[in-house]
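Required output: the full structure, derived from the provided sequences and hints.
Residues per chain are reported as follows:
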Amino acid sequence: MAVAGVTSRTPCDGIGHEGIRGMGITRRQGLLGALSFAAPAVLPVMADARQNGTTLRHITGNTVNTLDPTMLGATHESFGVSMNVYDRLVTFGRKQSGSIWTFDPDIITGELAERYEISDDGCTITLHLRPDATWHDGTPVTIDDVKWSLDRGVSARSLTAPQFSSGSLTSTEQFRVAGPRTIEILLPRPDRLALANLAMPYAIMINSRLARRHATPDDPWAQQWMQQNTAAGGAYRVERFTPGVNIILTRNDAWGARSAGTSPFFERVISQTVPEATTRASLVERGDADIVIDLEAYDVIAMMARRRVRINSVFQSNCFTHLAFDTQSPPFDNVKVRQAIASALPYQDMFTASLFGRGHPLFDAGWRETPSDISFPQALPLATDLTLARQLLADAGFPDGFATTFSYATSQATTAEPMAALIQEALKRIGIRVDIRKLPDAEFNTLEAEKRLPFYTDTAAGWIQRTYYFFYLYFTRNQRWNFSSWNSPRMVDLTGAARFETDRARYEDACRKMIALLADQVPLIMLWQPNMDAVTSPDIDGFTYQFHRQIDFRSLRRV
Amino acid sequence: MPSLTARWMSPAARFFSHSPTTGIAAGATLMLAFLALTAPWISPYDPLASDVPHALQAPGPHHWFGTDELGRDVLSRVLAAGRLDLAIAVSAVGLSLAAGVTVGCFCGYLGGRLDRLVGRVVDVLTAFPLFVLAMALVAALGNSVENLIYATAIINFPFYIRVARAEVAARRHLGWVEAAHLSGNSTPRIVISFLLPNILPTVAIQASLNLGWAILNAAGLSFLGLGITVPTPEWGVMVANGAHFMSSGRWWLVLFPGSVLMLTILCFNLLGDGLRDLLDPRTRT
Amino acid sequence: MSMMQTFRRRIGARALASLPALLGVIVFTFVLMRVLPGDPAVYFASGPNAGQAEIDGLRHKMGLDRPMPIQLAHYVAGIMTGDLGNSLTTGQPVMHDIQARLPASLELTLTALGLSLLLSLPLGIVSAWYANSRWDQCIRTLCTICFCIPPFVSAIFLIYVFYYIFGLVPDPTGRINIFTPLPHDITGFLLVDFLLTGDPAGWREAAGQLLLPAVTMALFVLSPLTRMTRASLLTVMNSDFIRTARAMGLPTWRIVTVYALRNALSPILTTIGIVFSTMLGANVLVEKVFSWPGVASYALDALVASDYAPVQGFILLMAILFIMVNLLVDILQGLVDPRVSME
Chain Y
3 MAVAGVTSRT PCDGIGHEGI RGMGITRRQG LLGALSFAAP AVLPVMADAR
53 QNGTTLRHIT GNTVNTLDPT MLGATHESFG VSMNVYDRLV TFGRKQSGSI
103 WTFDPDIITG ELAERYEISD DGCTITLHLR PDATWHDGTP VTIDDVKWSL
153 DRGVSARSLT APQFSSGSLT STEQFRVAGP RTIEILLPRP DRLALANLAM
203 PYAIMINSRL ARRHATPDDP WAQQWMQQNT AAGGAYRVER FTPGVNIILT
253 RNDAWGARSA GTSPFFERVI SQTVPEATTR ASLVERGDAD IVIDLEAYDV
303 IAMMARRRVR INSVFQSNCF THLAFDTQSP PFDNVKVRQA IASALPYQDM
353 FTASLFGRGH PLFDAGWRET PSDISFPQAL PLATDLTLAR QLLADAGFPD
403 GFATTFSYAT SQATTAEPMA ALIQEALKRI GIRVDIRKLP DAEFNTLEAE
453 KRLPFYTDTA AGWIQRTYYF FYLYFTRNQR WNFSSWNSPR MVDLTGAARF
503 ETDRARYEDA CRKMIALLAD QVPLIMLWQP NMDAVTSPDI DGFTYQFHRQ
553 IDFRSLRRV
Chain E
216 MPSLTARWMS PAARFFSHSP TTGIAAGATL MLAFLALTAP WISPYDPLAS
266 DVPHALQAPG PHHWFGTDEL GRDVLSRVLA AGRLDLAIAV SAVGLSLAAG
316 VTVGCFCGYL GGRLDRLVGR VVDVLTAFPL FVLAMALVAA LGNSVENLIY
366 ATAIINFPFY IRVARAEVAA RRHLGWVEAA HLSGNSTPRI VISFLLPNIL
416 PTVAIQASLN LGWAILNAAG LSFLGLGITV PTPEWGVMVA NGAHFMSSGR
466 WWLVLFPGSV LMLTILCFNL LGDGLRDLLD PRTRT
Chain L
60 MSMMQTFRRR IGARALASLP ALLGVIVFTF VLMRVLPGDP AVYFASGPNA
110 GQAEIDGLRH KMGLDRPMPI QLAHYVAGIM TGDLGNSLTT GQPVMHDIQA
160 RLPASLELTL TALGLSLLLS LPLGIVSAWY ANSRWDQCIR TLCTICFCIP
210 PFVSAIFLIY VFYYIFGLVP DPTGRINIFT PLPHDITGFL LVDFLLTGDP
260 AGWREAAGQL LLPAVTMALF VLSPLTRMTR ASLLTVMNSD FIRTARAMGL
310 PTWRIVTVYA LRNALSPILT TIGIVFSTML GANVLVEKVF SWPGVASYAL
360 DALVASDYAP VQGFILLMAI LFIMVNLLVD ILQGLVDPRV SME
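Top to bottom, those sequences are chains Y, E and L.
This note's numbering puts the first residue of the first sequence at 3, with every later residue one more than the last.
This note's numbering puts the first residue of the second sequence at 216, with every later residue one more than the last.
This note's numbering puts the first residue of the third sequence at 60, with every later residue one more than the last.
It should be emphasised that the hints constitute simulated quantities derived from the structure, not laboratory data.
Be aware that one or more of the hints could be misleading.
[Said to hold, decoys possible] Okay, derived cross-link-like pairs now, SDA-like style, lysine to any residue, Cα gap no bigger than 20 Å in a straight line:
| no. | chain 1 | residue 1 | chain 2 | residue 2 |
| --- | --- | --- | --- | --- |
| 1 | Y | Lys453 | L | Arg118 |
| 2 | Y | Lys430 | E | Arg404 |
| 3 | Y | Lys430 | E | Ala264 |
| 4 | Y | Lys453 | Y | Lys430 |
| 5 | Y | Lys430 | E | Gly357 |
| 6 | L | Lys120 | Y | Lys430 |
| 7 | Y | Lys453 | E | Gly357 |
| 8 | L | Lys120 | Y | Gln230 |
Structure below.
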């Protein structure tokens with residue numbers, strides 16, 4: 003989410019999911035090509051700092067608050083670090099479109115596992131461990147470590163258990179050691195998300211002998227110790243960790259040396275917190291920092307004009323900014339009221355004013371009744387039509403409108419403030435009086451979780467990019483991520499059927515119906531998918547947009 | 216002939232002719248207050264009306280101060296903001312000044328147990344890091360103009376007590392105070408008629424600084440995302456938002472509201488200085 | 060000797076007398092934090108799919124399910140043993156975080172105060188001596204203009220000009236370049252530590268990092284210090300003994316430094332105390348913009364997250380600092396101006 007520089011919204015995105023095609027590329031590819039050749043106009047002052055160029059300096063507005071990504075309250079940046087420090091059993095592939103790399107949600111390959119097989123009935127996943135994998139302390143990775151790590155995922159009170167349950171991974175009995183280097187994962191039904199769940203940041207593989215030495219009777223899974231320490235075997239080790247200030251990683255050469263491994267280019271990665279967005283922009287433009295992914299859109303636009311840096315722009319295909327209604331209380335329990343608002347909003351103006359057009363709109367779709375494909379999030383047929391809006395509002399029994407509040411979190415102010423002002427102005431035209439409330443993040447999150455906000459905006463991202471999964475996560479059940487508290491029996495039926503559906507045509511049919519139902523009932527107005535603008539020094543190559551929306555340092559190199 | 220007029224001029228007029236800076240500051244303050252009051256009638260545009268196709272336009276014949284990220288007219292917003300800012304500053308400072316000076320004078324004069332008790336309360340209040348206290352107060356009470364005023368008033372309150380108390384305490388044993396006491400004046404009378412005029416210069420300096428401070432405080436809070444919510448125009452908010460656009464070359468977003476903000480504070484301060492010269496009996500010739 | 064003893068007794072009495080104030084601060088902060096509308100348990104447990112069970116678990120772990128007076132009692136008992144609780148945002152004990160970050164804040168504030176005093180005392184004296192002259196007007200206007208620029212604006216502007224355009228200062232990312240090895244932690248003040256370890260290069264670098272944030276803060280407080288110096292000097296200079304001194308033909312510098320300044324010190328000291336307090340608070344903005352790893356930005360992050368313990372710890376720490384500063388100011392005032400008694 004395009005987050006304001008000053009504060010960080012700690013809680014993380016949604017659960018993983020799997021892939022839909024169309025990880026998009028922006029219109030600016032051509033320009034990017036040109037940019038990558040643009041010479042740095044201003045030379046770095048600290049030339050000595052990165053003498054041989056094998057140190058990468060990353061700056062971010064937020065902080066790493068734990069080294070254990072499964073901890074409740076772990077920040078996005080903590081996930082990013084754990085992806086580089088820990089291994090998971092499997093990982094998503096990556097693909098290139100134009101000059102931009104993105105993760106490939108359709109390809110899952112081994113990471114700590116060398117290979118895997120899925121049985122014909124889809125109920126058993128067999129994973130084979132790499133023969134020469136070691137932990138950071140040099141001891142070999144054993145199958146017991148893997149079993150312990152998976153058991154920890156379903157047993158400890160952490161973010162992993164709820165995530166794993168979306169892939170039908172719920173009990174330690176499902177993980178069976180089947181040989182010295184083989185583990186079997188037994189599923190009650192052929193869950194289409196089980197394997198993808200093993201690629202999530204929560205599915206870290208832990209050096210169990212090391213971790214268990216720090217376990218206590220109160221804390222059998224060493225969760226306390228692992229917040230400040232690592233028991234990992236990934237591409238980087240943590241050299242120094244100062245919470246809220248910086249984290250320094252050094253390359254683990256054993257990782258690249260193992261069979262079929264490639265060593266990361268950077269020997270050292272420094273990830274530093276710089277809260278002020280404008281300062282971050284200056285740092286990378288002056289060449290004092292190598293990469294930053296959380297800049298404000300207006301700074302990015304100015305940088306594009308100055309051409310001193312390389313800008314990798316890609317819209318975040320698994321992410322969406324939306325307006326949510328409380329569909330359980332009046333007046334928004336009335337579908338006509340929601341439709342009226344959906345017809346009254348100045349979508350294009352909002353998109354321009356909030357993001358300067360840097361993203362992918364989810365409104366003004368060409369289709370009317372049924373979508374042409376099942377990709378999701380995809381644009382819905384929402385358009386501005388004030389006459390229709392007034393008519394709908396009158397039909398709903400509010401010819402003179404009503405009063406309501408519109409809320410957003412402080413950290414999202416940069417994008418939400420222009421949006422809020424435009425919404426207030428537009429809804430006034432159809433008689434709805436909107437009181438704008440900017441809430442501190444903690445308060446916003448509390449009210450959002452307790453379903454006490456009538457009308458608000460937020461941004462969400464799902465990690466597993468499957469259409470069914472987005473609907474299951476964001477539009478069913480009474481839970482935190484059902485932003486609109488929407489309770490549609492039809493949607494519950496559709497998602498329930500799609501989850502274990504193995505017939506492709508029937509699955510796609512169900513997904514089309516879900517999308518059409520959402521477009522018709524508008525429990526939530528999908529607005530757009532913001533861009534990720536990864537701004538790097540001109541000599542940094544290999545940036546890959548990842549589902550977790552953080553930087554994979556392993557793929558970066560200096561050319 | 217001029218000397219004859221001078222004799223008949225009011226003390227204030229004589230003072231202004233003596234100190235032109237104060238005269239100019241007073242004039243400018245009046246002008247600002249006038250513009251703020253008449254803002255709804257003299258603004259060229261509706262300060263809230265967006266016009267996204269014309270967003271972020273540099274100053275020109277149609278928009279003298281340019282337009283912001285929603286295409287709103289910056290000049291109209293600066294004018295509308297003046298109303299709000301002057302209201303915030305005056306009410307916050309008025310509140311804390313009235314309460315603080317009253318409490319401070321009596322404590323300083325009476326001394327004793329009351330003084331010690333109030334001293335402790337003031338200690339508690341001043342012991343807070345003020346800006347953080349204001350942040351916490353606004354966060355706890357909610358983002359609104361009234362809460363901003365209360366928070367600003369509360370953090371300034373102890374200063375007035377301290378200043379008034381210290382000034383009164385330093386004077387209460389002076390001969391003329393004791394004389395007033397011995398000649399049968401009541402405590403309130405001594406405080407109000409004898410001591411208050413003597414401490415006013417110091418308080419006036421404090422108040423003149425505080426008027427500007429109150430506006431700056433609002434600006435700082437809004438920079439951190441607390442305080443006034445959109446789309447209400449307010450100088451501090453405009454400067455805070457505009458500061459981010461500085462590096463991308465949209466200087467007008469910070470320059471115009473910033474200059475007016477600065478001019479206002481400058482006027483308040485110069486007026487405060489003038490007021491001090493006017494009120495301090497020893498500088499009167 | 061006996062004077063020293065009286066002095067010590069007075070300081071002890073004052074310190075003892077400030078205990079109720081401290082307790083007041085603790086209780087007030089505690090209640091204020093609980094009034095904040097955010098629920099830390101919800102905030103920190105709101106990961107993907109985290110449900111009511113996770114929230115309740117966290118609430119229990121944090122002790123938030125107990126009645127408030129008991130929570131307060133636990134908190135006060137903790138303070139007695141130096142335990143300020145744990146921060147949820149950094150996952151560290153608050154005491155540890157504060158110890159690590161306080162020197163950064165103090166170094167910045169003291170440097171800024173020093174810079175500001177170096178400028179404002181001479182300016183104030185000139186301004187008062189040539190009261191109402193063109194010099195006076197210029198100085199007053201200049202100071203006021205400095206005061207009128209919000210610190211975050213001047214910070215962004217200074218970075219833009221001196222770092223981004225001209226590259227005269229190192230990148231504004233904290234106390235020291237990330238690539239420079241830190242000196243042994245002796246006092247925590249980098250300038251002092253580099254000096255003690257005899258590392259002039261490191262010292263220069265730390266000073267370079269410190270320059271811009273310190274100047275930002277110094278500019279902001281230039282005005283109140285200069286004004287108060289001018290105002291109190293003016294009051295003194297109009298008094299009879301200065302007139303006498305002038306009439307007797309004493310040299311100007313002697314009148315200013317020996318007679319006037321000494322007598323005008325009391326209100327100046329009060330102002331310095333107030334300014335110091337203000338600066339510690341205003342640190343929030345400057346620390347944010349300069350990525351300064353101080354206590355104020357730490358408290359700000361925690362406040363936004365409704366993370367009680369660090370905010371409470373920070374305010375308590377500031378309260379202790381303020382009380383110490385006030386005590387110092389009072390003592391000094393008692394020394395320079397016998398009219399203000401220690402009572």
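Right, here's what the structure says about each hint:
1. Pair hint Lys453/Y plus Arg118/L holds up; C-alpha atoms about 19 Å apart against a cutoff of 20 Å.
2. The suggested pairing of Lys430/Y with Arg404/E is violated, with an alpha-carbon distance near 56 Å, which exceeds 20 Å.
3. Distance hint between Lys430/Y and Ala264/E is fulfilled; the C-alpha atoms sit about 12 Å from each other, no more than 20 Å.
4. A distance of roughly 25 Å separates the Cα atoms of Lys453/Y and Lys430/Y; the hinted pair therefore is violated under the 20 Å criterion.
5. Of the supplied pair hints, the one linking Lys430/Y and Gly357/E is violated, its CA atoms being roughly 24 Å apart against a limit of 20 Å.
6. Distance hint between Lys120/L and Lys430/Y is unfulfilled; the C-alpha atoms sit about 46 Å from each other, more than 20 Å.
7. Proposed proximity of Lys453/Y and Gly357/E is supported: the alpha carbons are some 19 Å apart, at most 20 Å.
8. Between Lys120/L and Gln230/Y the alpha-carbon distance is near 19 Å, which keeps this suggested pair within the 20 Å criterion.
When the structure is compared with the earlier hints, violations turn up for hints 2, 4, 5 and 6 and for no others.
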